[in-house]
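Asks: One letter stands for each residue in the lines below.
Number of protein chains: 2
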Amino acid sequence: MDAALLAPAAGLDAFLAEAASLLPPGALLRGEDCAPYQADASGCRGQAAAVLLPDSTETVSALLRAAARHRARLVPQGNRSGLVGGAVPDGSGRQAVLSLARMRRLREFDPLNRSAVAEAGLSLSELNRQLEPHGLWLPIDVGSDPATGGLVGANTGGSRLLRHGDARRNLLGLEVVLADGQGSVLDLTAPLRKNNAGIDLKQLFIGSGGALGVVTAASWDLKRLDASQLTLFAALPDREAALVALDAFEQHFGETLSAFEVMGAPALNATLRQFPALRHPLAGSVAGCYALVEIASAMPGLDALLQERAEALLASLHERGLILDAAFGQAERLWPLRDSLPLALAAAGTPLSFDVGLPRSRLPAFLSAAERWLTAEHPALRLYDFGHFGDGGCHLIVLLPRGMAAGYGPAKLAMLKSALYQLVADHGGGFSAEHGVGPLNAAFYRKFTCPAAQGLAAGLQRLLDPAAALGRHRYG
Amino acid sequence: MDAALLAPAAGLDAFLAEAASLLPPGALLRGEDCAPYQADASGCRGQAAAVLLPDSTETVSALLRAAARHRARLVPQGNRSGLVGGAVPDGSGRQAVLSLARMRRLREFDPLNRSAVAEAGLSLSELNRQLEPHGLWLPIDVGSDPATGGLVGANTGGSRLLRHGDARRNLLGLEVVLADGQGSVLDLTAPLRKNNAGIDLKQLFIGSGGALGVVTAASWDLKRLDASQLTLFAALPDREAALVALDAFEQHFGETLSAFEVMGAPALNATLRQFPALRHPLAGSVAGCYALVEIASAMPGLDALLQERAEALLASLHERGLILDAAFGQAERLWPLRDSLPLALAAAGTPLSFDVGLPRSRLPAFLSAAERWLTAEHPALRLYDFGHFGDGGCHLIVLLPRGMAAGYGPAKLAMLKSALYQLVADHGGGFSAEHGVGPLNAAFYRKFTCPAAQGLAAGLQRLLDPAAALGRHRYG
Numbered sequence: 001m002d003a004a005l006l007a008p009a010a011g012l013d014a015f016l017a018e019a020a021s022l023l024p025p026g027a028l029l030r031g032e033d034c035a036p037y038q039a040d041a042s043g044c045r046g047q048a049a050a051v052l053l054p055d056s057t058e059t060v061s062a063l064l065r066a067a068a069r070h071r072a073r074l075v076p077q078g079n080r081s082g083l084v085g086g087a088v089p090d091g092s093g094r095q096a097v098l099s100l101a102r103m104r105r106l107r108e109f110d111p112l113n114r115s116a117v118a119e120a121g122l123s124l125s126e127l128n129r130q131l132e133p134h135g136l137w138l139p140i141d142v143g144s145d146p147a148t149g150g151l152v153g154a155n156t157g158g159s160r161l162l163r164h165g166d167a168r169r170n171l172l173g174l175e176v177v178l179a180d181g182q183g184s185v186l187d188l189t190a191p192l193r194k195n196n197a198g199i200d201l202k203q204l205f206i207g208s209g210g211a212l213g214v215v216t217a218a219s220w221d222l223k224r225l226d227a228s229q230l231t232l233f234a235a236l237p238d239r240e241a242a243l244v245a246l247d248a249f250e251q252h253f254g255e256t257l258s259a260f261e262v263m264g265a266p267a268l269n270a271t272l273r274q275f276p277a278l279r280h281p282l283a284g285s286v287a288g289c290y291a292l293v294e295i296a297s298a299m300p301g302l303d304a305l306l307q308e309r310a311e312a313l314l315a316s317l318h319e320r321g322l323i324l325d326a327a328f329g330q331a332e333r334l335w336p337l338r339d340s341l342p343l344a345l346a347a348a349g350t351p352l353s354f355d356v357g358l359p360r361s362r363l364p365a366f367l368s369a370a371e372r373w374l375t376a377e378h379p380a381l382r383l384y385d386f387g388h389f390g391d392g393g394c395h396l397i398v399l400l401p402r403g404m405a406a407g408y409g410p411a412k413l414a415m416l417k418s419a420l421y422q423l424v425a426d427h428g429g430g431f432s433a434e435h436g437v438g439p440l441n442a443a444f445y446r447k448f449t450c451p452a453a454q455g456l457a458a459g460l461q462r463l464l465d466p467a468a469a470l471g472r473h474r475y476g
Numbered sequence: 001m002d003a004a005l006l007a008p009a010a011g012l013d014a015f016l017a018e019a020a021s022l023l024p025p026g027a028l029l030r031g032e033d034c035a036p037y038q039a040d041a042s043g044c045r046g047q048a049a050a051v052l053l054p055d056s057t058e059t060v061s062a063l064l065r066a067a068a069r070h071r072a073r074l075v076p077q078g079n080r081s082g083l084v085g086g087a088v089p090d091g092s093g094r095q096a097v098l099s100l101a102r103m104r105r106l107r108e109f110d111p112l113n114r115s116a117v118a119e120a121g122l123s124l125s126e127l128n129r130q131l132e133p134h135g136l137w138l139p140i141d142v143g144s145d146p147a148t149g150g151l152v153g154a155n156t157g158g159s160r161l162l163r164h165g166d167a168r169r170n171l172l173g174l175e176v177v178l179a180d181g182q183g184s185v186l187d188l189t190a191p192l193r194k195n196n197a198g199i200d201l202k203q204l205f206i207g208s209g210g211a212l213g214v215v216t217a218a219s220w221d222l223k224r225l226d227a228s229q230l231t232l233f234a235a236l237p238d239r240e241a242a243l244v245a246l247d248a249f250e251q252h253f254g255e256t257l258s259a260f261e262v263m264g265a266p267a268l269n270a271t272l273r274q275f276p277a278l279r280h281p282l283a284g285s286v287a288g289c290y291a292l293v294e295i296a297s298a299m300p301g302l303d304a305l306l307q308e309r310a311e312a313l314l315a316s317l318h319e320r321g322l323i324l325d326a327a328f329g330q331a332e333r334l335w336p337l338r339d340s341l342p343l344a345l346a347a348a349g350t351p352l353s354f355d356v357g358l359p360r361s362r363l364p365a366f367l368s369a370a371e372r373w374l375t376a377e378h379p380a381l382r383l384y385d386f387g388h389f390g391d392g393g394c395h396l397i398v399l400l401p402r403g404m405a406a407g408y409g410p411a412k413l414a415m416l417k418s419a420l421y422q423l424v425a426d427h428g429g430g431f432s433a434e435h436g437v438g439p440l441n442a443a444f445y446r447k448f449t450c451p452a453a454q455g456l457a458a459g460l461q462r463l464l465d466p467a468a469a470l471g472r473h474r475y476g
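First to last, the protein sequences are chains Z and R.
FYI, the numbering for the first sequence is 1 to 476, going by UniProt numbering.
FYI, the numbering for the second sequence is 1 to 476, going by UniProt numbering.
Any given hint might turn out to be false.
Intra- or inter-copy, both count: the list cannot distinguish identical chains.
Listed next, the in silico SDA-like pairs over lysine to any residue satisfying Cα-Cα at most 25 Å (straight line) [unchecked claim]:
1. K447 / D187
2. K223 / V244
3. K223 / S361
4. K417 / S56
5. K447 / A190
6. K412 / R94
7. K417 / S285
8. K223 / H427
9. K223 / Q251
10. K447 / G11
11. K223 / G288
In short, the hints are calculated from the structure, not lab data.
Using the sequences and the hints, build the whole thing.
Replies: Written out as structure tokens, the structure is:
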């Protein structure tokens, strides 16, 4: 890497003085006031030179021009719900946070086009609150409440990707301010579903964590709210059975299969131990794993039909020994069983989290191999899995029991992680399914990405951000 | 542009001699044998120095290395079903066609992952023929039969985009040979639904018409075949009513609304006049426009339910004066009414075709404005529209009656087209919805694309193809 890029921002003070003149009063924070903006949901923490809170695209553009002149470095930031440190400043105290938190207008809403143009700081929940009276929503479903700009930067997937796709699939357009020295504004917000009038430039900025340009607004393809729904919980002998059951559910329910989440029995049991208020929907069952299945449609009045068909399917799967037991339930009661595991384990020791994606057909073999490997190499540790079986997304937690964390220093932890990611790669998977790339997994990006791809990514970053002014992750 | 890029390929003969040594016998065509490879479905025609027919990625890579050494220029080509000349050589006789026609293996098929890795020359129809016994398909629906690599290059949309999305939405991965001098192979074919382990490089090559790299294989996200279906044909007073009816169909059928195609009455009448074998499904109706509506689901056994609900909805729309008449019918009978217009008009005069995309909410206003403009400026010409109302895609044909074509020379035609595209832009639309950019519309790309976007696209092309070795369209 060019040594100049590593040097601290030369004109930081001059930049901050100019930024203060560009921003509204109270929109440039220093010192203690920066504290809330220095960490993300993973706990990754840095030290900001300042926090800039522009309230318009024009101001973002002016800030990027000033940053280029003074060689200042900016880290774009949304709601800090990220999990790889991609939106927090480094520890140098020389990077400024460019928070989009004050850009939260819903600029356009076109119900007949089912589209909305929202500024990057508008949160997912607030967008959906405004859309609800019109029977529409942006159907990204995650445990946290990211800024909509953060959805773009992370290409958020979530639990209902099987039916609704990731952020990319729900995007019609973007507005991006470029780090080209001029702060050029790329207005690609036209809410068009068919538009192939040149290279689709917006794709570059989706999932690249704010490293190639500052996303200031997005044009979303909205969907109708679900009007029919069914949620059920099933006990299965093992993950091979879960794979066959998933296929059967797709054959019977087609595009209405909305989620097919699978967690290992140890994961469910650990959750129930930690949170006695949660009830086991199938108390007394002895299963290898459990599936939370959701079927939903925007077509109203299907509830009875869905239930009738699900009962028939469950009976047939039970007869084949693929499902041991099952119960219908309310979504609000069943999802917490799936969502509470990270918290439950955090109370039981030191959890090491993995967010990996595989061809779903290879999930059973991968999970067995991972369990075998951990038992052989780290017999005192336990593996918990819970994830988006239906789309191949898999969250793993390796738990270091209390008192053992001291024996696992940074080097040993890095080796453990690397070995597990190697198993993922051996099974055709990727080391970051939903969380993107940031300081927390940058080393694995370098290890598990083919050289041609790394070279091209670095070239793109040099093209779009020649002064290395933006973001946390350098692809070079 | 660098003058060197415009100079004819210096070492063309040396390149072809080396290419002959790299290719299997019979896989390098010269002279007359090139004829079938020199035109696309639009009739755009060029002159090839040769046609190269590699049968493996390794050979494509070797050809790109040789092309870089000899500064030869290649135009990647699939089934020549494109409509903007993007895959045919120019008239210089100095460009070689790089046809993917002999790379047509289905490399991998994973039914439990619902994915397939197909080489770029495998046609859409052949892929779907192989998938059908497994109850799966790639649900891109177009009148022609493109190579699957062509689907990628054009980001094909088609008539069922409303439900299934475009090629991009159905892609999990790509294999691309880069024009980086080394013929580096970017293997991004892992069939992962969740993969955010860095910049999603494959997105660059989707919809860029082979200009940034040679797509040699694609990894597709397959869907289950439809198991329930309903097709109906409706007469409506005008396009404003069509927009309200579209909204009502979405409210009642949600994600099962598969197509909502609208054609003006003149388009239907011209089709029926030309093809007497086609029968008017609503003979005697006097309507402003007609809608072909398809509702479908991969969930079996819904036919009766869909029909019952459609009848109720049609009755209520009829009561509100939004639908004048309607009939259910077989898909095989109704779709030809929609698909035969271009052929019908070609027999009636000289058709000028437009493929534009708008926010669907603005289609009625745009179409009225276009009609008013044509009547005022070119009273002897007629406008016909037929298109993908549900996704905002709109095919327009301006018909020059027989005998008038002589009065419309190239300059006058270009002005007419430009004025119509300006109306599209004024209504928030784009000048190429599905057909991409090629020699036939390159001038409109320069006119209707904002300078910042053109600059970035040109930079990307320089980064990925520094020697201007690939494709027909230069973004610079």
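Asks: Work down the list of hints and note, for each, if the structure agrees.
Replies: Structure-based check of each hint:
1. For a Cα distance limit of 25 Å, the shortest separation of K447 from D187 across copies, 16 Å, qualifies, whereas the shortest one inside one copy, 36 Å, does not.
2. For the identical chains of this complex, K223 and V244 are inter-copy neighbours only, at 17 Å across copies versus 30 Å inside a copy, given an alpha-carbon limit of 25 Å.
3. When the C-alpha separation of K223 and S361 is checked against a cutoff of 25 Å, the pair qualifies only between copies, where the shortest distance is 15 Å, while the shortest distance within a copy is 29 Å.
4. Taking the shortest Cα distances, K417 and S56 never come within 25 Å of each other, neither inside one copy (41 Å) nor across copies (36 Å).
5. For the identical chains of this complex, K447 and A190 are inter-copy neighbours only, at 17 Å across copies versus 39 Å inside a copy, given an alpha-carbon limit of 25 Å.
6. Proximity of K412 to R94 under the C-alpha cut-off of 25 Å is found in neither arrangement, the shortest distances being 31 Å within a copy and 59 Å between copies.
7. Taking CA atoms no more than 25 Å apart as the test, K417 paired with S285 passes in neither setting, with 33 Å inside one copy and 69 Å between copies.
8. Taking the shortest Cα distances, K223 and H427 sit within 25 Å of each other only across copies (23 Å), while inside one copy they are farther apart (34 Å).
9. In this assembly of identical chains, the alpha carbons of K223 and Q251 lie at most 25 Å apart whether taken from the same copy (23 Å) or from different copies (10 Å).
10. For a Cα distance limit of 25 Å, the shortest separation of K447 from G11 qualifies neither inside one copy, at 34 Å, nor across copies, at 39 Å.
11. For the identical chains of this complex, K223 and G288 are neighbours neither inside a copy (36 Å) nor across copies (29 Å), given an alpha-carbon limit of 25 Å.
Violated hints, listed in ascending order, are 4, 6, 7, 10, 11; each of the other numbered hints is respected by the structure.
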